[in-house]
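Asker: These are the residues of each chain, in order.
2 protein chains.
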Amino acid sequence: MNNKEFISELATRVGMTAKDTQSLANALTAEMTAQLEDGNSITIPNFGTFEVRKKLERVMVNPATGQRLLVPPRLTLAFRPAVAMKELVQKGGENTNG
Amino acid sequence: MNNKEFISELATRVGMTAKDTQSLANALTAEMTAQLEDGNSITIPNFGTFEVRKKLERVMVNPATGQRLLVPPRLTLAFRPAVAMKELVQKGGENTNG
Chain A
1 MNNKEFISEL
11 ATRVGMTAKD
21 TQSLANALTA
31 EMTAQLEDGN
41 SITIPNFGTF
51 EVRKKLERVM
61 VNPATGQRLL
71 VPPRLTLAFR
81 PAVAMKELVQ
91 KGGENTNG
Chain B
1 MNNKEFISEL
11 ATRVGMTAKD
21 TQSLANALTA
31 EMTAQLEDGN
41 SITIPNFGTF
51 EVRKKLERVM
61 VNPATGQRLL
71 VPPRLTLAFR
81 PAVAMKELVQ
91 KGGENTNG
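Residue numbers (my numbering), protein chains in the order written: chain A, 1 to 98; chain B, 1 to 98.
Please note: incorrect hints may appear among the correct ones.
No copy is singled out in the list; a pair is fine if it fits within one copy or between any two copies.
In silico DSS-like links for lysine-lysine, alpha-carbon gap of 27 Å or less [stated by the list, open to error]:
| # | residue 1 | residue 2 |
| --- | --- | --- |
| 1 | K19 | K54 |
| 2 | K54 | K86 |
| 3 | K4 | K54 |
| 4 | K91 | K54 |
Don't read these hints as lab results, they were simulated from the structure.
Nothing here was measured: the structure is a model prediction, and the numbers come from that model.
Given the sequences, and given the hints that come with them, work out the whole structure.
Answerer: Next comes the structure, spelled out in structure tokens:
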């Protein structure tokens, strides 16, 4: 489902126009992006947690040449679904299959 | 940052009360949850994609007893950050460190 379809469903749910709903969704993702850019994690109840994780630097060896290369530390964005969310996703599949 | 702090920041950004902002954020997560429960993936531009992935069934062997156990297939929720988001998170770290 793409963004437009999602916004349309959400607009129906909240009783707002698609345009206003899109503006609010944009503000929400902008605020989340700003927090994550600052390295803050964000927890949404019953949904999950977004967090910035530091991947440590490591030495990579090219097996063909034996050359050693230092891979610098990186920051990556990780999402951990809440327990309730995990169960819902799993249950959804059980309904479909059974 | 917990949900309350996040909603407070977002309310300031959109010029709404914290209560109304919370209601809209709840509707958004409820709609996302409903879509994911149905097995639909959701793409949010410049943010990322949430998708339900099927982990195949596999045979697990208990190394102590040699007993073989069939682990059933599972549905899990995965998040892939957009390229723009990855770069912002990485850049945030560079600003902090340098």
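Asker: Work down the list of hints and note, for each, if the structure agrees.
Answerer: Evaluated hints:
In this assembly of identical chains, the alpha carbons of K19 and K54 never lie at most 27 Å apart, being 37 Å within a copy and 34 Å across copies at closest. When the C-alpha separation of K54 and K86 is checked against a cutoff of 27 Å, the pair qualifies both within a copy, at 24 Å, and between copies, at 13 Å. Taking the shortest alpha-carbon separations for K4 and K54, only the inter-copy value of 25 Å comes in at or below 27 Å, while the best intra-copy value is 33 Å. In this assembly of identical chains, the alpha carbons of K91 and K54 lie at most 27 Å apart only when taken from different copies (13 Å versus 33 Å within one copy).
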